[in-house]
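Starting from the structure of chain X, add chain L where the hints point.
Protein chains in written order, with our numbering: chain X, 1 to 84; chain L, 1 to 377.
If you are wondering where the hints come from, they were derived from the structure by calculation, not from laboratory data.
Note that the structure is a prediction, hence the values are computed from the model and not measured.
Backbone N, C-alpha and C fix where the C-beta goes; we use that ideal spot for every residue, glycine too.
Wrong hints could be hidden among the right ones.
As the list claims (entries may be wrong) - Chain X side only, calculated, beta carbon under 10 Å to chain L, not exhaustive:
#: 1; residue: L30
#: 2; residue: E46
#: 3; residue: D59
#: 4; residue: L60
Unchecked claim - Here are some chain L residues pointing at chain X (derived, C-beta under 10 Å):
#: 5; residue: R221
#: 6; residue: H228
#: 7; residue: P309
Read off the chains here:
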Amino acid sequence: MDQTQLAIKEFLSRFFKSHDLQPDEDIFALGFVNSLLAIQLVAFVEKTFGIRIQDEDLDLDNFRSIDAISNLIARKTTAEATPA
Amino acid sequence: MKLELSAGQRQARAEFRAFVAAEIAPHADRWDREEAIPLELVGRLRERGWLGSNVPPEHGGRGLDMITYGLLTEEIARGCSSVRSLLTVHDMVAHAVGRWGSREQRQRYLPRMARGELLGALALSEPNAGSDAMGIETTARADGDVWVLDGRKKWTTFGQIADLFLVFAKVEGQPAALLVERESPGLTVRPLRGMVGTRASLLAELFFADCRVPAANLVGRVGFGISHVAAAALEQGRYSVSWGSVGIGQACLDACRSYAAERRQFGVALADHQLIRALLAEMIVNVRAARLLCLRAGYLRDTRDPGAPAETMAAKYFASTMATRAANDAVQIHGANGLCEDFPVARYLRDSKVMEVIEGSTQIQQITLPLFDFQEF
Chain X
1 MDQTQLAIKE FLSRFFKSHD LQPDEDIFAL GFVNSLLAIQ LVAFVEKTFG
51 IRIQDEDLDL DNFRSIDAIS NLIARKTTAE ATPA
Chain L
1 MKLELSAGQR QARAEFRAFV AAEIAPHADR WDREEAIPLE LVGRLRERGW
51 LGSNVPPEHG GRGLDMITYG LLTEEIARGC SSVRSLLTVH DMVAHAVGRW
101 GSREQRQRYL PRMARGELLG ALALSEPNAG SDAMGIETTA RADGDVWVLD
151 GRKKWTTFGQ IADLFLVFAK VEGQPAALLV ERESPGLTVR PLRGMVGTRA
201 SLLAELFFAD CRVPAANLVG RVGFGISHVA AAALEQGRYS VSWGSVGIGQ
251 ACLDACRSYA AERRQFGVAL ADHQLIRALL AEMIVNVRAA RLLCLRAGYL
301 RDTRDPGAPA ETMAAKYFAS TMATRAANDA VQIHGANGLC EDFPVARYLR
351 DSKVMEVIEG STQIQQITLP LFDFQEF
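Okay, chain X solo, but in the shape it has when bound:
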């Protein structure tokens, strides 16, 4: 896992204490996702990676796994770094 994935895993591990979360594992399928995680996950991603999650990013597939979140961050970072 790269640094982004490790940071996401560390954050999510607070919610999945006894589970060694894998990069491609579906966190919704594990059944631990609730509204608390949803709120904090957005705040964590925004603060840690300096991006802004927008309304168009509200898609469960963007938050389904460590890989998915990492890909979202990569896309947003590229988009926000590109001059309009």
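For chain L alone, kept in the frame of chain X given last:
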């Protein structure tokens, strides 16, 4: 985290305090009896830029830092909780639109909300859905380029005069948030009266019958209406209610300080009775503790810390229950005078109870707070 206010924050608080002392506090009991704040006051709040003061500058707002915002809320609530609730609900809608609204929605609504030209109100609660937000029965269905809403909302604070409602509805069973302008066809607003507390908050019931709004009025995405859009609005609301509760507690303390000094029983001032002092000591310490929790929540919100929702919830829980205890003791200190309209403490008690019910009841906070806390250990 700095515990001391900056010079700018102290200056802002002095401005808020002076305005409330002159324009709000002297009239709050009358507005409570009349069950309405005057529209002229809304205009004066608008002139000062205190409606939508949380709107970011890029959308024409003042983008107040969260501490200054909290001080504004505390001072307004110290004078009148109904006026505070105007700021609360308006800013909840502004915050949700700023957080999850589309670029078009932000450009269309936020500048006018920041100027106070457009008053927002949150339409979440229903006759059969209070704490159980996912239990809402209002529906929305897509029909070409519009959404069609059917259902009913209740306890919509300032619904009587709001221009823009953030309405939560189910779309094929999934929660969604929609912006509904007051003039939308199929929307009927009916005033609600006879509330126990924050009586001047111009509550209303909303009836949606084949109510049509543009497809572009969906906020966020279908399925995220409660978990993200309502959550953002409610977090803002909890922050406002936390500071508002501190304002009530401080108002109780102010009232008791002067009453206990002037009122004499058994040949001495009430303040010289040890049991009265014990009540005052509890009030002093609890108001200060609640304010500290609010300051910490504000700091975390300003720094966009993921821990902000939990800290805001803790502040709301403590401050709202503190306000009820403080107001209860304030009435007790005032004796029979506390039970009549000649003194404001009875209003404080009625208003404080509202704070334990709105934006997540005390029991909802009790259920939820441990879940946050368990993550940390």
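Run the structure past the numbered hints and jot down the numbers of the failing ones, going up.
1
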